[in-house]
Amino acid sequence: MLTYIIRRLLAMPFLLLGVASLAFCLSHLTQADPLAALVSERQMNNPEVIAAAKERWGLDKSLPEQFVIYVTNLVSGDLGVSFRTRRPVLTDISERLPATLELVIAAMIVGTSSGILLGIVAARFRDKPIDYLARFFALFGSTIPVFWSGLLLLYILSVQFSLIPGPGRFDPRGQPPPFVTGMYTVDALIAGDFRGFLTALHYLVLPAFVLGWSVTGILARLVRASMLDVLGQDYILAARAKGAGERRTLFRHALPNAMIPTLTIIGYSFAYLITGAVLTESVFAWPGIGSYAVDSARTLDYPAIIGVSLVGASAFLLSNLVTDVTYAFANPRIKLS
Amino acid sequence: MARTLRTHALTLSLACATMLVPASLVTAQAQDKPLVIARDMDINSLDPSRGFCDTCQIVFSSTYARLVNLDKDNKTIVPMLAESWEINADQTKFTFKLNPKAKFSDGSPVEPKDVKWSLERLKNVKGSASYLVDPVKSIETPDAQTVVIDLTESNSEFLSVLTAPFLAIINSDVVAENGGDAGTDAATKDTAEQWLLANSAGAGPFVLSSYSPNQEVRLKRNDNYWGEAPAVSEIIMQQSKGGVSQLQLLEGGTADIAMQVDPTTAKSITNADIVVDTQPSLNMVYVALAPGAKGLPNPMGSKVREAIAHAIDYDGIIDLTVDGKGRRLATPIPEGFPGTGGAEPISYDVEKAKALMAEAGAADGFTIDAMYPNVNQYGVDYTLMMQKIQQDLAEIKIELNLEPVEFSVWRERVNGDGIPLTAVYFAPDFFGTSQYIQYFAMMDGTVWYKRAGAANDPELARPEVAGLLKKALSTGGAESDGYFRELAKGIAEDHIILPILSPDNVFVYRKGLEGLRFSACCNMVLSDISWK
Chain A
1 MLTYIIRRLL AMPFLLLGVA SLAFCLSHLT QADPLAALVS ERQMNNPEVI
51 AAAKERWGLD KSLPEQFVIY VTNLVSGDLG VSFRTRRPVL TDISERLPAT
101 LELVIAAMIV GTSSGILLGI VAARFRDKPI DYLARFFALF GSTIPVFWSG
151 LLLLYILSVQ FSLIPGPGRF DPRGQPPPFV TGMYTVDALI AGDFRGFLTA
201 LHYLVLPAFV LGWSVTGILA RLVRASMLDV LGQDYILAAR AKGAGERRTL
251 FRHALPNAMI PTLTIIGYSF AYLITGAVLT ESVFAWPGIG SYAVDSARTL
301 DYPAIIGVSL VGASAFLLSN LVTDVTYAFA NPRIKLS
Chain B
1 MARTLRTHAL TLSLACATML VPASLVTAQA QDKPLVIARD MDINSLDPSR
51 GFCDTCQIVF SSTYARLVNL DKDNKTIVPM LAESWEINAD QTKFTFKLNP
101 KAKFSDGSPV EPKDVKWSLE RLKNVKGSAS YLVDPVKSIE TPDAQTVVID
151 LTESNSEFLS VLTAPFLAII NSDVVAENGG DAGTDAATKD TAEQWLLANS
201 AGAGPFVLSS YSPNQEVRLK RNDNYWGEAP AVSEIIMQQS KGGVSQLQLL
251 EGGTADIAMQ VDPTTAKSIT NADIVVDTQP SLNMVYVALA PGAKGLPNPM
301 GSKVREAIAH AIDYDGIIDL TVDGKGRRLA TPIPEGFPGT GGAEPISYDV
351 EKAKALMAEA GAADGFTIDA MYPNVNQYGV DYTLMMQKIQ QDLAEIKIEL
401 NLEPVEFSVW RERVNGDGIP LTAVYFAPDF FGTSQYIQYF AMMDGTVWYK
451 RAGAANDPEL ARPEVAGLLK KALSTGGAES DGYFRELAKG IAEDHIILPI
501 LSPDNVFVYR KGLEGLRFSA CCNMVLSDIS WK
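Residue numbers (full-length UniProt numbering), protein chains in the order written: chain A, 1 to 337; chain B, 1 to 532.
Think of the hints as simulated: they come from the structure by calculation, not from any bench.
Backbone N, C-alpha and C fix where the C-beta goes; we use that ideal spot for every residue, glycine too.
One or more hints might be untrue.
Said to hold, decoys possible - Some chain B residues near chain A, calculated using beta-carbon distances under 7 Å:
1) Ser-45
2) Lys-189
3) Glu-193
4) Trp-195
5) Ala-198
6) Ser-209
7) Ser-210
8) Leu-249
9) Glu-251
10) Leu-384
11) Lys-450
Same shape as in the complex, but just chain B (with noise of 0.2 Å):
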């Protein structure tokens, strides 16, 4: 008897001990256990130059630093490197005042002259994200704590482009006795590459410790970082393909956070210690027709678009690929972007559909290619959305040859002779209306007018767009967004880019993490994520 009371006498000095160990060490205990992400990663490169991927977007925006930066509301333009800005009237010039506490991960200062060389840098070096530093004409340092950005033309948006994490600002010192070059000939000269797949130069809250690719990367936190450190001491990004897998890890213990599982997936998991957080995302799934397209079988006129617009089931293909978690969109800009609001996304009818085909003339039907890439991407599956497409499409008579391919062969096809109905997807790089417009809109030099087939097709073309566009970016407010709001109308009443659906990101993490949200810049903000 007296023994078994000393053992509950000791049990319980134990449980009080335990209770009495402040929870603050208990949380820092948490916070220094590596943060496992499975994720299937899509990294081209690490170089913030050249890189562009969605993956890179995460890894840059927290190795690196940009003048600007979005928050957490996915609106606000907030201070990062840059500690106030000024633009001039006609949004031609920005001067931008650098923050003198901002250090570089070596803790050596971010000046003037890092950020003048690492945007010239990316526009030099002709990457994949250099189209955004195309509307700079020049970069002046004047002090040591000035930078001044000078505009071809207008461009309200600028400032918005600046959150991209491609726009990183990198030790100039450092990288280019490692091969960097941002002079005019960098796309030759420029060898730095091999040196930032190992390393990052940049004066973001974690530091690249290594990287394998298509195994892991690895971020330890600055121990230099200027601004308030993350909680997380170390972070992995572990290579695992397909929602599944990843789940295995999360649920095996490998892994914390899996990060592509599919809402149908997510939908299947009963483990208690397992969070399934759906949010909003701005990424787009859409269908886009060419009626300029070598081969057609019949025209695709603008009644045909319409029919076709009219005739897809969107809530249906939303509950059979996404199991519901997702949203239709009015046009292809995301809903809270300049220039949207108030506008219906395109009716489901199936009567209004074949009323357009007879008075097209094209009652008895067709039949079109449907070339498409065959993927799984932000969790909708292809094949799945282009079957039941097939399927809405064949009550009007329009019969669709379904064509799964790999993404390589389905952009030679796309950019070469079109493809009458593909579809594909869009995530935005900053938030900002203007890079919809410069890719879907019907006018010269954008991706969509040389893919729907312009050049055979001249009526697509809408000589007003340039015009809007070039109002859109030198006003700003809600002017700007009147002119965004009637180019999207413009879009929208082309039919040739038809928006399926905006999925949910569905975040899947083990319980006792917090701070994972979808920013619009950079994907997922890593420097936010703690343990509770």
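Extracted from the complex, chain A is given alone in its bound form (with noise of 0.2 Å):
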């Protein structure tokens, strides 16, 4: 196992770099024009202005060079200085990605922990009334589009009731916990602020209920096909033969195997997730990596969207490692080699 994963890891670098450099070749590819985000429409005609910017930014250079500069330049942890927000890209994901994790994070446990919930119920009652409204719940969460269900729900809890605050991260007459991890609620409770804490959940809970209800919807009729299915055994059968309770036939004896096929959707869920919150953020005002990929691609900024590519890739490959090692603990029949 360990020989495994430490076999994955090595391979990542340059699986990443197989990536920046496709990302790099993609984006040089679109017939737009990256001097757009740099030099004014005042200027264009000014050979000088744009001979300037040029040089730069290093739009001098032929693309192989561009490319090669690039490279070299990853190798060492630069990923450049984004054209948009004339930072070091890395010093923008750094700053940007805790509050994508956090959100996500977040999401993920609201979507889980109610997706598998649901699964449960609906599969315990069977075509009942209770199972119907979970599918239907479950269904509206994984077809309804986050900006309609986002927008709506912060019209009628934000503007019409007041009982959460309107888009944003945290409250911008307050002052957000010291920098720890960047995520705002952790921060708070490591700085011993539980009133920081509770402006940063109450931030928090629209954004991650509207993401997470997407992975709410597809876990809940997952665990619901899953449960049926190991319900009709043999073995759960046994069980309530020998007298098992129904509490322990459902989560002794039917959740864990059923949790199994489920394991790998939760896994992909959380890469998807990161590099699928672009819609939530926007609709939020959530300053992370997805609004930032979203604002780096419509103004053609090179490295900031390889430095996001990047950083979805890495995502995508650490998810599946991690899946593919819970998947083997989960099931001793798996074999990782």
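Using the hints, build the complex out of the two chains.
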């Protein structure tokens, strides 16, 4: 197992280099002008200004030269400077990634706990009103676009009933907790700032619910199907015949086996949410990596686009590894080699 | 009964006591509350010599001072760092006397060397706003209070240019210590931008407290401000995309001002605590034609262009896109600028347009590409506007292939092969007409001369423009106005640039705020805002 993990981790830098190369080539294939982010409309006819901008940002060099410079810098941990924010991409990402991680972890907690619970309840009360209700809720979560549910819930809960604050991550008039992890809820707890924790949580609840709802939908249906499959097997019948109570039958005998296929989905969901939190971040003005990616793509900010691609690829590679390892632990029949 | 009386008496006493609290104290407490502005920020740098954007105008004009300022009437130039100035007869030498009280936020005095360094740095870093100091030949500092700016040629609008926030006067000692360079090779040697993204070094009413790209900008009152101190102690500009989201922040109590709410959304506001204030702006939304664009299926001669101009239902577009909250323009130059006044916008006349198409031999019409940036700018949804124009032009059998694209893609095409019909926007950097001529006129070197495809269609060139502009800039007053009027008329008659509307500014804010206004140089002047 350990050899397997080490081998996978050692392969990662090469895979990431491949992703960076692909992102670099694809970015430069677009028929768009990166100078649009660097030079104003007024100066587009000024050859001196154009030349100065190209020299400053390395765009005066040939594409292969730019690629070699980029890869050389990348190996030393330099992701370049963003055309748009004018700051090192690594700084931008390290400031924004914790916000996305906080949102995604909260969404995963909401999505997995409610999805598994709804799936169990729906399977236990198959074809009963509660089953239909759970399936309807799950279906809604996986089909309603985030921008619609987000805006609607914001309007109702924030504007109409003032139950939650509006878009954003923290009260702008307040002081966010001192930086430790970059996740405000965690940092507030570390600092012993309970009021700050509640404020951060208050802002986090709705976007986490909206983002997690899609996971709820997928997991609830999957867990329900797996549970129904498992509950129909002979060993469950045997357990019941031996007098096992309903709770013991469901949670001790059925759920562990029904969870094995679910683990894969949970693992993929985490990476999917990190790269797919774009809409939620836009609706809730959440300053994470998703909104950074969108803004970078719109302005053809090559260094930032490649940086974000690397973050996405890393998320997928790591979540795949964690899923594979967890799967092997959960199912002893699986041998990793 | 006695208890009730006591309770009433206590309540009354408390009420009286509350009334006795000085109103000034209540207002002072309100001013100490940070003012939160929800805005979709387009910041591309917070280095005044490199940044060039609408939000930059607001931040720079709050954190840095210029030599001169634009008054509230958006026309009159008033002292700022310079307490007085003299201009020679041929408008080539500008001599400024600095206000001895002026000091930077670190308490050090503003000196002539700072003015020289700042303007030379702006020119030499070759940034987006460096064109504003292109006319500068040399800057001298003969004594401890005087700055003399010599221009390469006469420029009657140069004083107005100096009001632009990009001509911010920077604390040269501080910025030089942090990598700043104003020499001729500053484009490669200057490295102060990183420092200026986190700090300001100006003599404005506020200082930059912190900046998180696409998240927030925090400004704090400059304790060393040498002028009238701003009323509000702290201003937070919070990133928020779109008017709906900004309005939610305002209605939810997080924000105090929503800056980019479109008129249609503003119309839906029913909250009595929110004020909607509509003011005329100087922004322009326009359609541009490129007769020299590659691959045109039919020539777009002067008659066809005039036909297109007559076939557009301008008032219908204003109603459709900004709910009537906008005005028509006779030329691209805003009303009130030098050389405007009295001209009538082109008429919406479909029959005349059809007749012109027939005269041009194009009665059967043709199909052209209409690529445009897919944006919502100044409250105008470009897709909605272009769909309406598509409908209007169908009346004269011109079919538009609408192609909404990202701005960067649009710019590649418009500066390359050209786009037969497109739409975009313009906002002035200062009160003056020359910037319009230098951008729109059919004269070699202007942005739209190239984009209209004049290289492929030499008939577009107007050889008289350069001479008229020179005369306009070397005279002044009514004479200058006359030349500018002639130039503006020429742009209108070319029918290359078709001004569609000037959308009004919609300020949406919490009741109790005052002082919100649109400035021709600075967008919104934060130091004017206060709680009543």
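| task | Against the structure, test the hints numbered earlier, and report the numbers of the ones violated in rising order. | result | Failing hints, ascending: 2, 4, 5, 6, 7 and 10.
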